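Chemist: Sequence:
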Amino acid sequence: MAATKSRLKLIPIIFFILIISILTPKAYSQSEEDECSTENTSSCNDKSGAVPLKIIALVSILVTSMIGVSFPLVTRSIPAFHPDRNLFVIVKCFAGGIILATGFMHVLPDSYDMLQSSCLKENPWHKFPFSGFVAMLSAILTLMVDSMATSIYSRRCRTGVIADNGDNPALEVDQEMAVVGAGHGHFHAHNHVVAKGENGDSQQLSRYRVVAMVLELGIIVHSVVIGLSLGASNNTCTIKGLVAALCFHQMFEGMGLGGCILQAEYKFMKKAIMVFFFSTTTPFGIAIGMAMTKSYKENSPRSLITVGLLNASSAGLLIYMALVDLLAADFMGPKLQRSIKLQIKSYIAVLLGAGGMSVLAKWA
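Residues in the sequence shown are numbered from 1086 upward in steps of one, following this note's numbering.
Where hints are given, some of them may not hold.
[As the list claims (entries may be wrong)] Computed cross-link-like contacts, DSS-like style, restricted to lysine-lysine with a CA-CA straight-line distance of at most 30 angstroms:
#1 Lys-1212 - Lys-1132
#2 Lys-1420 - Lys-1430
#3 Lys-1212 - Lys-1382
#4 Lys-1355 - Lys-1420
#5 Lys-1430 - Lys-1325
#6 Lys-1447 - Lys-1379
#7 Lys-1132 - Lys-1325
#8 Lys-1355 - Lys-1426
#9 Lys-1420 - Lys-1352
#10 Lys-1382 - Lys-1132
#11 Lys-1430 - Lys-1382
#12 Lys-1132 - Lys-1379
#13 Lys-1420 - Lys-1206
#14 Lys-1447 - Lys-1212
#15 Lys-1356 - Lys-1447
#16 Lys-1382 - Lys-1206
#17 Lys-1132 - Lys-1447
#18 Lys-1206 - Lys-1352
#19 Lys-1430 - Lys-1447
These are calculated hints, taken from the structure and not from any lab test. Here the structure is a predicted model, which means the values were calculated and not measured.
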């Protein structure tokens, strides 16, 4: 069991390595890079004036990220925000809409813009829709990780059940059927009464943990990208709009992730680690971008290809997680299926979240 658990923890790392290996840019030339690196100069480009704005962005995004991801965890003791209550479901649906719109309205369009840039070669970048292709592959890879991680957890739980049953074949069959039934019917039912620790429904708990890990991985990847882009930019006009938009984005995206972490029932240290990585990833990307201001050229072919492909992979992952593991899991779960009124409220929450994040696409 310990070996299986350790292998499962390596899955997100392996997934990340696979993404990076796919995203290595190859089709660019040095002459094109030199030609495009000086494009898009304007009166808004002010290196000295951009530094204070970047520091403000770093601090404000750090604070709002911590508030967003910690909110579901610190309000658990409040009855209205308990995972079994309707308000928690509605807030989670709102955050799911935020994450879905982030993939469709922010990350994926940015990838298309970058990979269709005139700075890139006509062949192959303008001949093939790489953004959609990589987003599709990313969604499939996310499904693979999701499915395999769930299978490993399910096998571990099944082995534990069999080991505890002694030599009673009939009881073993009954327990096996119970495990299979739980895997088929309840893996995506996020809103029924969940286990508290190891004494409850361990399969449902394992499912929550897989969702939390994979979702955090996708958010971290695209958070690094947006932080790096903001930190490397000297366009004060762009940075001013991005600060408010990213604070809103990080807060509510963090609420969605925080809800998943809460349902995963991690111990305090694991919760603290996940909160830390989500909260600091974007500020860390901003700091790296500030350090790379001289060498990083956002219009160079190398940068356009790398960031464009990373955005596409992040978009596929976020869209999959929002639709499959957050929204579909909740809406097809028993809690929402029992109440049409709660479904309507949750749909309104999804539309408000997606609509609000879509409006922000005008500035970010």
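Chemist: Would you mind marking each hint as holding or not holding in the structure?
Modeler: Going through the hints against the structure:
1. Lys-1212 - Lys-1132: Violated. Lys-1212 to Lys-1132 sits at ~36 angstroms, over the 30 angstroms cutoff.
2. Lys-1420 - Lys-1430: Since the Cα atoms of Lys-1420 and Lys-1430 sit roughly 13 angstroms apart, the hinted pair holds (cutoff 30 angstroms).
3. Lys-1212 - Lys-1382: Holds, at about 24 angstroms.
4. Lys-1355 - Lys-1420: Roughly 28 angstroms separates the two Cα atoms, so the pair holds.
5. Lys-1430 - Lys-1325: Judged against 30 angstroms, a Cα distance of about 34 angstroms means the pair is violated.
6. Lys-1447 - Lys-1379: OK: Lys-1447 and Lys-1379 at ~28 angstroms, within 30 angstroms.
7. Lys-1132 - Lys-1325: 14 angstroms, holds
8. Lys-1355 - Lys-1426: 36 angstroms, violated
9. Lys-1420 - Lys-1352: The hint holds at about 26 angstroms.
10. Lys-1382 - Lys-1132: 13 angstroms, holds
11. Lys-1430 - Lys-1382: 45 angstroms, violated
12. Lys-1132 - Lys-1379: With a Cα-Cα distance of about 10 angstroms, the restraint between Lys-1132 and Lys-1379 holds, given a limit of 30 angstroms.
13. Lys-1420 - Lys-1206: 52 angstroms, violated
14. Lys-1447 - Lys-1212: 28 angstroms, holds
15. Lys-1356 - Lys-1447: With a Cα-Cα distance of about 34 angstroms, the restraint between Lys-1356 and Lys-1447 is violated, given a limit of 30 angstroms.
16. Lys-1382 - Lys-1206: At roughly 17 angstroms apart (the allowed maximum being 30 angstroms), Lys-1206 and Lys-1382 satisfy the hint.
17. Lys-1132 - Lys-1447: This hinted pair holds, its Cα atoms lying about 24 angstroms apart.
18. Lys-1206 - Lys-1352: 50 angstroms, violated
19. Lys-1430 - Lys-1447: 27 angstroms, holds
Taken one by one, the earlier hints fail for this structure at numbers 1, 5, 8, 11, 13, 15 and 18, listed in ascending order.
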